[in-house]
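*Asks:* Add chain B to chain A, keeping to what the hints say.
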Amino acid sequence: MKQNKIKYWSIILILLILILIFVSLLSLCVGSAGIPLKDIPHILFYDKGSADHSILLGIRLPRIILGLSIGGALALAGALLQGIFKNPLVEPYTLGISGGASLGVCINILFKFYSKIGIIAYPLSGFLGASLVIFLVYYLNNKTRDIRSNRMLLTGVMISYVASSLVMLLMAISKTDDLQNIVLWIMGSLDEPNPVLIKMALFGSLAGLVFSYFFCFDLNALLLGEDEAANLGVNTTRTKKYLFIIASFLTGLSVSVAGIIMFAGLIVPHFMRMIAGPDHRILLISSFLAGAAFLVLCDVIARVIISPLELPVGVITGIIGGIIFIWALSRKQVTL
Amino acid sequence: MTHPLTIKNLSFRYHKKTILKNICFSTDPGEFVSIIGPNGSGKTTLIKIISKINKPEKGNIYIKGNDIQTMSNRELARHIAVVMQSVEPVSMSVEEYVLLGRLPFFKKYQFFETAKDIKLAHKYMELTGILKLKDESINKISGGERQLAAIARALTQEPMLLLLDEPTSHLDITHQIQILELISSLKKTLCLTVLIVLHDLNLAAEYSDRLVLPNGKNGGIYQTGTCEQVLSEQSIQEVYNTNVRIQKNPVSKRPCIFLISQNALNKEENIIL
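Respectively, the protein sequence lines represent chains A and B.
By this note's numbering, the letter at position 262 of the first sequence is numbered 262, and the numbering carries on one by one without gaps.
By this note's numbering, the letter at position 160 of the second sequence is numbered 160, and the numbering carries on one by one without gaps.
Hints may contain errors.
Quick list of in silico lysine to aspartate or glutamate cross-link-like pairs, EDC-like style, CA-CA up to 16 angstroms [unchecked claim]: (1) B:K134 x B:D117; (2) A:K2 x B:E75; (3) B:K108 x B:E75; (4) A:K2 x B:D117; (5) B:K55 x A:D227.
Computed list of chain B residues with no C-beta within reach of chain A, every gap over 10 angstroms [as the list claims (entries may be wrong)]: (6) S26; (7) E145; (8) H199.
It is worth saying that the hints were derived from the structure and are not from the lab.
Note that the coordinates shown come from a computational prediction; the quantities given were computed from them, not determined experimentally.
Beta carbons: idealized from backbone N, C-alpha and C, even for Gly.
If we strip away everything but chain A, and leave its shape as in the complex, we get (with noise of 0.2 angstroms):
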């Protein structure tokens, strides 16, 4: 039994990095100069000075980086909210959480911390704004002691608008050179020229992978519920704990880069769920990957759709997702 677990988990795996390679590659050759993939090898090595090697390893390369990284940071987030809550229709956006890292950054760009402590200012905003509301939701939720229930999920829908009404509010009451920055960046775009926050990106989305892996254990318990989970020896306020500041390191780090992201977390745990199994030992990583393949796919739809133009690409997950989102809901049973 344990072999054939062990089997079936190497097999999602290899499947997943296949996929990842190949939209990777799609991702390379697509756009508004389309490049050959047979032509990419002569373009990186013997052709340095070419258009095309500046806008391969300038442009695509680095948006190909950015959107492994946040769609599999967001997915990750998603799948430990799922497991903490023990609802599969929580994601950071759908928890306020994504709206509390927007008001951070907001506020960010409005009172320009960045000048002050450097770009570290952009993803430390998002990370403050994502664990307020992280925590708001589960203490204003936490006396019902049945966190199961939707209440916590509206909890959040409205945080979520508080969020961005004072995001708008901000808007309102900004300068223009500012109000533009707000508004290109909370489109949502993996359109990043500063390495710097694409490096930590990377960084950090792997970074919160690894560190999520040291409660793959307690979050499967957590699935039976708390008492059972306590049962099972895991001191699970601590572990909540750690994971809503996973969680919300993530979702921060997400959104102060790429802007708001809708529902990526939500359907990658999902559907990760319904082919791995619900044990987080390979869901987390498989959410990752997948979440990773997912968002520079729909990078890519959004770079040919309305080709020369571009749409932001939270555009292309907020409709693929908002309509999985609804499926989902109306599945009559949704048990994780």
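*Replies:* Okay, now just chain B, sitting in the frame of chain A:
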């Protein structure tokens, strides 16, 4: 002799209401102890305090002489296992579910179950009769089978003390008897100490070595003792405020409680008058 479980002066309050007050009792190895008593008399709370889900206001609990407040949850889970009223529906297989009982024994960087873990899980699935269901989803099996899976999971923890909180309350008599038979046989084969919350007084009388009866009023204990000592018409009247008749079960010779309708009671009174 160290008792598997000793409770000393335990008090617990919830929203300023006293639930448990100065509870003291202990269990002997291999003993089957039932906690009976009316709703709201703190039975489930007591189980939750022993398994460290709730924190007592006062008093101490010792597992083999060690205070549970000095033990980590993990350490505690290697000594005691808990079966709750029902199992939450999850989409994992019965085998995966039972294997979760090995979690407290996982080493620091262990990622997969060892062959020993799987062997133990299979042994206890066999013992509880659910080995044939091992690939079924917990969602899809019946309530009785789910409780058997919960017991198998608890046994896979290889505890010395098994706590059960009304494990049979949602089940039909076939499964009620099946589960209690299983638990009382485990008590002999594994020398397991059992502390069980039971609502059904007749089942408690049938299987228990000793009963704990809370008084249901101020959080204290009305009486602990053998079934014959605890189950009397007077004690039931005082604790449950209910008029019953008690006779010997014709087969097991244990006390057997008869519930009586008010109508019949009135008639009886008339005859006496």
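*Asks:* Is the Cα-Cα distance between K2 of chain A and E75 of chain B 16 angstroms or less?
*Replies:* At roughly 26 angstroms apart (the allowed maximum being 16 angstroms), E75 of chain B and K2 of chain A break the hint.
*Asks:* Against chain A, does S26 of chain B keep a CB gap of more than 10 angstroms to every residue?
*Replies:* holds, 21 angstroms
*Asks:* If we take the beta carbon of H199 of chain B, is the closest beta carbon in chain A still more than 10 angstroms away?
*Replies:* Given a closest Cβ separation of 19 angstroms, the condition holds.
*Asks:* Starting from K108 of chain B, check that the Cα of E75 of chain B is at most 16 angstroms away, please.
*Replies:* Holds, at roughly 14 angstroms.
*Asks:* In terms of Cβ atoms, is chain A entirely out of 10 angstroms range of E145 of chain B?
*Replies:* holds, 16 angstroms
*Asks:* Could you grab the alpha-carbon distance between K2 of chain A and D117 of chain B and see if it respects the 16 angstroms cut-off?
*Replies:* Holds, at about 11 angstroms.
*Asks:* Keeping to a limit of 16 angstroms between CA atoms, is the pair of K55 of chain B and D227 of chain A held or broken?
*Replies:* holds, 13 angstroms
*Asks:* Need the status of pair K134 of chain B, D117 of chain B: alpha-carbon distance at most 16 angstroms?
*Replies:* holds, 15 angstroms
Figure legend: structure checked against the earlier numbered hints; the only hint not met is number 2.
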